[in-house]
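Those protein sequence lines, which keep their order, are chains A and B.
Position 124 of the first sequence, counted from 1, bears residue number 124 in my numbering, the numbering being contiguous throughout.
Position 284 of the second sequence, counted from 1, bears residue number 284 in my numbering, the numbering being contiguous throughout.
Some hints could be false.
Claimed, not checked - With beta-carbon atoms standing in for the labels, derived distance ranges:
#1 205/B - 170/A: 31 to 41 Å
#2 217/B - 298/A: 22 to 32 Å
#3 195/B - 298/A: 53 to 63 Å
#4 315/B - 103/A: 26 to 36 Å
#5 95/A - 336/B: 15 to 25 Å
Just so you know, the hints here were simulated from the structure itself, not pulled from any lab data.
Think of the CB as a built atom: it goes at the ideal place given N, C-alpha and C, for glycine as much as any other residue.
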Amino acid sequence: MDVLLTIFVDPFLDMFSDPVFFMEVIVTGLLTGVMYSLVALGFVLIFKASGVFNFAQGAMVLFAALTLVGLMERGVPVWLALIITAGLMTILAVLIERLVLRPLVNQPEIILFMATIGITFFLEGFGETVWGSDIHPLDVGIPAESFEIAGMLLNEFDIYAAVIGAVMVVTLAIFFQKTAIGRALRAVADDHQAALSVGIPLKTIWIVVWSVAGFVGLVAGIMWGSKSGVQFSLSLIALKALPVLILGGFTSIPGAIVGGLIIGVGEKIAEIYWGPLVGGAIETWFAFMLALVFLLFRPQGLFGEKIIERV
Amino acid sequence: MLYREAGQFKSDYASDQAIFPIAQDRWFMAIALLVAFVVIPYTFDEYMLQAVMIPFLIFALATIGLNLLLGYCGQLSLGTGGFMAVGGYSAYKFAIAFPEMNMIVVFALSGLCAAFVGIMFGVPSLRIKGFYLAVATLAAQFFLQWLFNKVAWFYNYNSSGTITAPPREMFGYMVTGPEATAEVRYILTLSIVVVMALVAKNLVRGHIGRSWMAIRDMDIAAEIIGIRPMQTKLSAFAISSFYCGVAGALMVFTWLGSVETEAFSINESFQVLFMVIIGGLGSILGSFLGAAFITSVPILLTNLPQAFGLEMAIDLQKHFEVMIFGSLIIFFLIVEPLGFARLWQITKEKLRLWPFPY
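Make a model of the complete structure from these sequences and hints.
Encoded structure:
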């Protein structure tokens, strides 16, 4: 009986006895969730446009951040470093399209998935060969002062991250809904062959979408890098984006955001109120377990399209 | 000329269904086994046995395990490291709790534990597939690694958090622990791997293997011809995890001696996945070839630059290794998705006609 009490009752009592702290946990979770969403966005973009589940998004985040920080350490000003890195991500997109995607057209999606695991390893190895494997501090001039609202201790940096995340989602939404390229992207996502037959160049579209995913990765890399330093573990953090996707659905941009927030808040609450019961550090797997349980009941995610199987 | 089966007639069903129907193949296998069991222990020094041959065999076993799941049943799992950890830790607990127990029994029991865990994490495969399943199995990887790290019962409450293989003997020889010689460990590992590989080879050409392949090729069609998806998928998860579990147990007992949970990290899962892809999806022989290749790349990278008089920093070497693995995966997926096993098959077909191909 005591065991049940400590599991099912005490954590909730803790929450109610100190509501300010509880709110602080939730807000911290939300802000971490924004960071997950930033990474997850890149996955969704590529999956929507090409049906490829891009495992390498995490490596792209790491690679972009490493390149940026490497350039800045060699005395390149921030704006120039940003432009060069963005350029490099575009070149990377072209190379991936040319060398990996085009030869694998029409292969089963699981083969493409494994190919992106190959890209992941290549990018990690390449980035670290060029820029070294130390932890690089990254400072692009985002203020990081702590301040208090209503008794909650918050960091300015997290607020900026949330704002940047929101701006990016709005920009992407406008880009997808209002521009010609965005319309082409949606057409390709709907039906490759129909898009081709109305004259949408598939190759260009893929390059565009991989570049955009690269830019999103760059932004995510800047935010994560400023928060915890640019290091190898960034690509592991990016793995957390996978349960976010499962929760939100692979094809939905709002889903990526909502999924990220749920995972962020969920794992913070679990860690703080239930973690001590089992020895802590449950953040490493909580998100995955949540996703696994979720999959059993709703495989298509919160906002994803229903999976229908036809023979 | 060397490899021509003309004149080898099959006069009964038994010879028609033999694993190696061609006499030359049987000779080749016999010679390979002779070399592996007799020549290698006598000629290789301790370093070669301990640091090259034993890890190769253990990874080959894990690769067969993943290959049964991914190559034959088509279910992608990234939790291999976690299942190996289950094998390693449960073997440790069994060996400590029952000191008199035969090591073979210990390994078998640890495999069964891994199989049980595998079934539990395989349940989602009934509803989801492809990369959804891959993410679900990542949960296994992270959860199991955390479990063995945090719950002190698994490493008998020792302060370092590592598990150390206790010394045990079989047939009068020390097989584990610090006093066991590399030769004895090698022979033990080799025997287990050979027997289990043979079992796997027979499994995949029998009823179970054929239903796995039916599920892999088209699950709906398989269901319609009367294959039960639940039993089939879960049996693939169970048997695959059994192999991975035994590989994990061997890793603790005959290779590393003492391990932490870090030894079963997600990198191990990826490494085994690479062995499967490079060796050949859906091939037992390919599992050995892939394991041999992936375990030999780091050794080559250590020795090659030195042979040319170049110095290479260790971390640079590591990065190069990762880069090479990544590029090779892409290369093989594009050029030869069936990996080394297919190349080997092509060579054999060429060899049948050699030297007069017309």
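* Okay, residue 205/B versus residue 170/A on CB: inside 31 to 41 Å? -> violated, 58 Å
* Is the distance from the Cβ of residue 95/A to the Cβ of residue 336/B consistent with 15 to 25 Å? -> Given about 21 Å between the Cβ atoms, the range holds.
* For the range 22 to 32 Å, tell me whether the beta carbons of residue 217/B and residue 298/A fit it or not. => Since the Cβ atoms of residue 217/B and residue 298/A sit about 28 Å apart, the hinted range of 22 to 32 Å holds.
* To do: Could you check the hint for me, namely that residue 195/B and residue 298/A are 53 to 63 Å apart, CB to CB?
  => Given a distance of about 44 Å, which is not inside 53 to 63 Å, the answer is violated.
* Between residue 315/B and residue 103/A, does the C-beta distance stay in 26 to 36 Å? -> Cβ of residue 315/B to Cβ of residue 103/A: about 32 Å, so the range 26 to 36 Å holds.
In this structure, the earlier hints numbered 1, 3 are contradicted, and the remaining ones agree with it.
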